[in-house]
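Student: Note that the protein sequences, when read in sequence, are chains A and B.
Going by the working numbering, the first residue of the first sequence is number 6, and it counts up by one from there.
Going by the working numbering, the first residue of the second sequence is number 792, and it counts up by one from there.
FYI, nobody ran anything at the bench for these hints, they're computed from the structure.
Heads up, a few of these hints could be off.
Claimed, not checked - Pulled a few chain A residues facing chain B out of the computed Cβ check, cut under 10 Å: (1) 48; (2) 106; (3) 110.
What the hints assert, rightly or not - Each pair of labels, with its calculated beta carbon distance range: (4) 85(A) <-> 860(B): 44 to 50 Å; (5) 819(B) <-> 60(A): 22 to 28 Å; (6) 811(B) <-> 76(A): 42 to 48 Å.
We put the CB at the ideal spot given by N, CA and C, even for glycine.
For reference, the chains in residue letters:
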Amino acid sequence: AQTVTQSQPEMSVQEAETVTLSCTYDTSESDYYLFWYKQPPSRQMILVIRQEAYKQQNATENRFSVNFQKAAKSFSLKISDSQLGDAAMYFCACGDNNDMRFGAGTRLTVKP
Amino acid sequence: NAGVTQTPKFQVLKTGQSMTLQCAQDMNHEYMSWYRQDPGMGLRLIHYSVGAGITDQGEVPNGYNVSRSTTEDFPLRLLSAAPSQTSVYFCASSFPGNYGYTFGSGTRLTVV
Numbered sequence: 006a007q008t009v010t011q012s013q014p015e016m017s018v019q020e021a022e023t024v025t026l027s028c029t030y031d032t033s034e035s036d037y038y039l040f041w042y043k044q045p046p047s048r049q050m051i052l053v054i055r056q057e058a059y060k061q062q063n064a065t066e067n068r069f070s071v072n073f074q075k076a077a078k079s080f081s082l083k084i085s086d087s088q089l090g091d092a093a094m095y096f097c098a099c100g101d102n103n104d105m106r107f108g109a110g111t112r113l114t115v116k117p
Numbered sequence: 792n793a794g795v796t797q798t799p800k801f802q803v804l805k806t807g808q809s810m811t812l813q814c815a816q817d818m819n820h821e822y823m824s825w826y827r828q829d830p831g832m833g834l835r836l837i838h839y840s841v842g843a844g845i846t847d848q849g850e851v852p853n854g855y856n857v858s859r860s861t862t863e864d865f866p867l868r869l870l871s872a873a874p875s876q877t878s879v880y881f882c883a884s885s886f887p888g889n890y891g892y893t894f895g896s897g898t899r900l901t902v903v
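Chain A with its partners taken away, still in its complex shape (with noise of 0.2 Å):
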């Protein structure tokens, strides 16, 4: 099974600046997938961002990219241009064909 590792427990940033949430993880798998969610105070889990273990390529969505190093087993989030609505809860995850796993989670203020 995976382990996610997400060593920032609180963040702060700046309204329209940017701002990095890291996330280290483990697996024995060779074909996995990773994820970003966001979890606003209304507690409903929202997908941010997915990436597939066998491409080199970062995804994007919007405002929001990875950095994966994949030798590294490293997978952090960055938000650019950050707006007062991406306040939250941010967990990274990482699955194979069975099961997903979570990190503790990074709660992010953003200060305007």
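With chain A's structure known, arrange chain B on it following the hints.
Tutor: Structure of chain B alone, referenced to chain A:
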């Protein structure tokens, strides 16, 4: 299209009582999982299923049972509730592969 529906949204149990958390999805997803979310610990996998009739244990299966008689439904049973099972429970579903899970809105369970 309702997505993933969890019932109830809130529940208070007394120690020793049993109950079933319901989860249903209408997306014909093969994969379904149950997670519990506790402060500072992220989401931890309780049980998962890769198809009807197939279930397996996750990280924290003790005290919980599941069954998957249909593709749509994946109920989670608490056999004898304990205060340590106070948590927010999420059900999620997915197609196999890099699609990411779709989550229900969660059930907040308190055991007194």
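Student: Please go over all the hints and tell whether each is borne out by the structure.
Tutor: Status of the hints after comparison with the structure:
Here the hint on residue 48(A) is kept, as its CB sits about 5 Å from the closest CB of chain B, short of 10 Å. The beta carbon of residue 106(A) comes within 6 Å of a beta carbon in chain B, closer than 10 Å, and the hint placing it at the interface holds. Of the supplied interface hints, the one on residue 110(A) holds, with its beta-carbon coming within about 5 Å of a beta-carbon of chain B, less than 10 Å. Taking 44 to 50 Å as the suggested C-beta distance range, the pair residue 85(A) and residue 860(B) conforms, at roughly 46 Å.
Taking 22 to 28 Å as the suggested C-beta distance range, the pair residue 819(B) and residue 60(A) conforms, at roughly 26 Å. For the hinted restraint 42 to 48 Å between residue 811(B) and residue 76(A), the CB-CB distance of approximately 45 Å keeps it satisfied.
No hint from the list above goes unmet by this structure.
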